[in-house]
Amino acid sequence: MELLDIHADFDAFEDYFERFEIWAMTKEYDDGVNIVACFLTFIGKEAYSLLKTLALPEKLISLPYIALKELLLDYV
Numbered sequence: 000m001e002l003l004d005i006h007a008d009f010d011a012f013e014d015y016f017e018r019f020e021i022w023a024m025t026k027e028y029d030d031g032v033n034i035v036a037c038f039l040t041f042i043g044k045e046a047y048s049l050l051k052t053l054a055l056p057e058k059l060i061s062l063p064y065i066a067l068k069e070l071l072l073d074y075v
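Going by numbering that gives the first Met the number 0, the sequence shown opens with residue 0, and the numbers climb by one from there.
If you are wondering where the hints come from, they were derived from the structure by calculation, not from laboratory data.
Predicted, not measured: the structure shown is a model, and the values here were computed from it.
Among these hints, one or two may not hold up.
[Stated by the list, open to error] Cross-link-like lysine to aspartate or glutamate pairs, in silico, EDC-like; alpha carbons within 16 Å at most:
no. : residue 1 : residue 2
1   : K68       : D8
2   : K44       : D4
3   : K51       : D73
4   : K44       : E1
5   : K58       : E1
6   : K68       : E27
7   : K58       : D8
8   : K68       : E20
9   : K51       : E69
10  : K68       : D4
11  : K68       : E57
12  : K68       : E17
Can you make the complete structure from the sequences, with help from the hints?
Written out as structure tokens, the structure is:
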């Protein structure tokens with residue numbers, strides 16, 4: 000997957016999440032930690048830094064995927 004473009008519009012963000020979730024289904028993750036770790040790896044440095052700022056004071060890896068998704072969608 001390509002990096003998440005934080006300058007994209009809302010529809011592009013939704014498309015990215017949809018594609019990531021489809022990819023994650025192919026991996027059959029049973030726990031939320033692995034999907035969060037993969038997501039944080041895939042989004043790239045710029046999106047990671049933005050998300051880290053949006054999630055303060057929480058640590059990104061401690062948040063569920065849905066919370067990370069909502070933080071980014073609320074940002075757009």
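The hints, checked one at a time:
| no. | hint | in the structure |
| --- | --- | --- |
| 1 | K68 - D8 | 14 Å, holds |
| 2 | K44 - D4 | 10 Å, holds |
| 3 | K51 - D73 | 14 Å, holds |
| 4 | K44 - E1 | 12 Å, holds |
| 5 | K58 - E1 | 24 Å, violated |
| 6 | K68 - E27 | 19 Å, violated |
| 7 | K58 - D8 | 26 Å, violated |
| 8 | K68 - E20 | 11 Å, holds |
| 9 | K51 - E69 | 13 Å, holds |
| 10 | K68 - D4 | 14 Å, holds |
| 11 | K68 - E57 | 15 Å, holds |
| 12 | K68 - E17 | 11 Å, holds |
The earlier numbered hints that this structure contradicts are 5, 6, 7.
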